[in-house]
Amino acid sequence: MLGKLMKYEIKATGRILIPLYIALLAFAIINKIFIGTGFSNKLDGFGGIPFILSIFGYGCTMAAVFIVTFFVVIQRFYKNLLGDEGYLMNTLPVTTITNIISKLSIATFWNIISGIIAVLSIIIMAFDPSGFARFFSELSHGFSEAYTEFGGQIFIVILEGLIAILVQFIKFITMIYASISIGHLFSKHRILSAFGAFIVLNLITTAISSIVGITFSLSNWNPFNNIHSFGPVHLLLIGVIIINLIFFAAYFIITHYILKNKLNLE
1 MLGKLMKYEI KATGRILIPL YIALLAFAII NKIFIGTGFS NKLDGFGGIP
51 FILSIFGYGC TMAAVFIVTF FVVIQRFYKN LLGDEGYLMN TLPVTTITNI
101 ISKLSIATFW NIISGIIAVL SIIIMAFDPS GFARFFSELS HGFSEAYTEF
151 GGQIFIVILE GLIAILVQFI KFITMIYASI SIGHLFSKHR ILSAFGAFIV
201 LNLITTAISS IVGITFSLSN WNPFNNIHSF GPVHLLLIGV IIINLIFFAA
251 YFIITHYILK NKLNLE
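Here my numbering is used: the first residue of the sequence shown is 1, the next is one more, and so on.
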């Protein structure tokens with residue numbers, strides 16, 4: 001059933017997001033054509049106006065990709081589980097956990113896709129065969145030297161860093177879900193209450209994270225003291241992952257408890 005919910009969620013959000021991604025790539029291709037044909041060097045005449053408009057459209061679309069993606073996935077959670085559609089969702093033979101996981105999974109999916117599309121659009125505009133050949137040659141050389149110096153640990157650290165970033169993002173989305181759920185407990189001014197709850201939860205998260213960071217600082221522990229060993233760096237990244245997983249679990253539990261036991265769709 002989770003797969004069906006995720007498939008439905010992708011269709012519902014994709015109708016808005018996919019055309020936006022296509023528009024961004026289209027602007028990138030148009031700008032690349034202008035750059036390749038020399039229009040970008042003719043900004044003092046009528047010929048430069050289309051290029052300026054295209055660059056402006058690209059910038060606006062790039063901003064819209066991230067802003068709209070963020071608000072669409074948040075709006076889907078609020079409307080689908082706490083709004084009018086909540087009556088239908090709560091009649092389906094699925095658990096509350098399944099509903100939350102489906103929303104969280106698709107939110108993560110679309111934000112990753114947004115990042116990939118943004119990077120791809122930049123690559124399209126900046127593409128130069130010789131320049132990219134040099135870039136990948138230098139990158140390959142750098143990884144080769146790092147592997148010679150540190151061995152396979154360098155790739156493990158990169159993987160741990162990527163996991164830390166992903167967990168940090170998932171925790172952030174779950175904190176927003178928890179904030180919206182808390183705001184829904186109020187009979188009036190629910191959106192304002194949700195915003196207030198987000199501020200409080202964010203302050204709590206920041207305070208606890210700062211305390212942990214200060215504790216390590218006072219212990220004079222520096223993960224970069226020994227540049228030839230990645231052991232401390234592994235501990236640092238794993239610690240970051242664990243802390244964010246704890247916050248994620250707390251916010252997930254809050255969201256689940258409210259949706260399961262305190263849901264009021266009136």
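Simulated from the structure, these hints should not be mistaken for lab results.
Treat the hints with care, as some may be off.
In silico DSS-like cross-links for lysine-lysine, where the CA-CA straight-line distance does not exceed 25 angstroms [as the list claims (entries may be wrong)]: (1) Lys79 with Lys11; (2) Lys262 with Lys79; (3) Lys188 with Lys11; (4) Lys7 with Lys188; (5) Lys79 with Lys4; (6) Lys32 with Lys79.
To see whether the hints hold, each was checked on the structure:
1. A C-alpha spacing of about 16 angstroms is found between lysine 79 and lysine 11, which places the hinted pair at or below 25 angstroms, so the restraint holds.
2. With a C-alpha separation of about 17 angstroms, the suggested pairing of lysine 262 with lysine 79 holds against the 25 angstroms cut-off.
3. The suggested pairing of lysine 188 with lysine 11 is violated, with an alpha-carbon distance near 32 angstroms, which exceeds 25 angstroms.
4. Of the pairs offered as hints, the one joining lysine 7 and lysine 188 is violated, with about 34 angstroms between alpha carbons and a cut-off of 25 angstroms exceeded.
5. Straight-line distance between C-alpha atoms of lysine 79 and lysine 4 comes to about 18 angstroms, which keeps the hinted pair within the 25 angstroms bound.
6. For the given pair, lysine 32 sits about 39 angstroms from lysine 79 by alpha-carbon distance, which is inconsistent with the 25 angstroms threshold.
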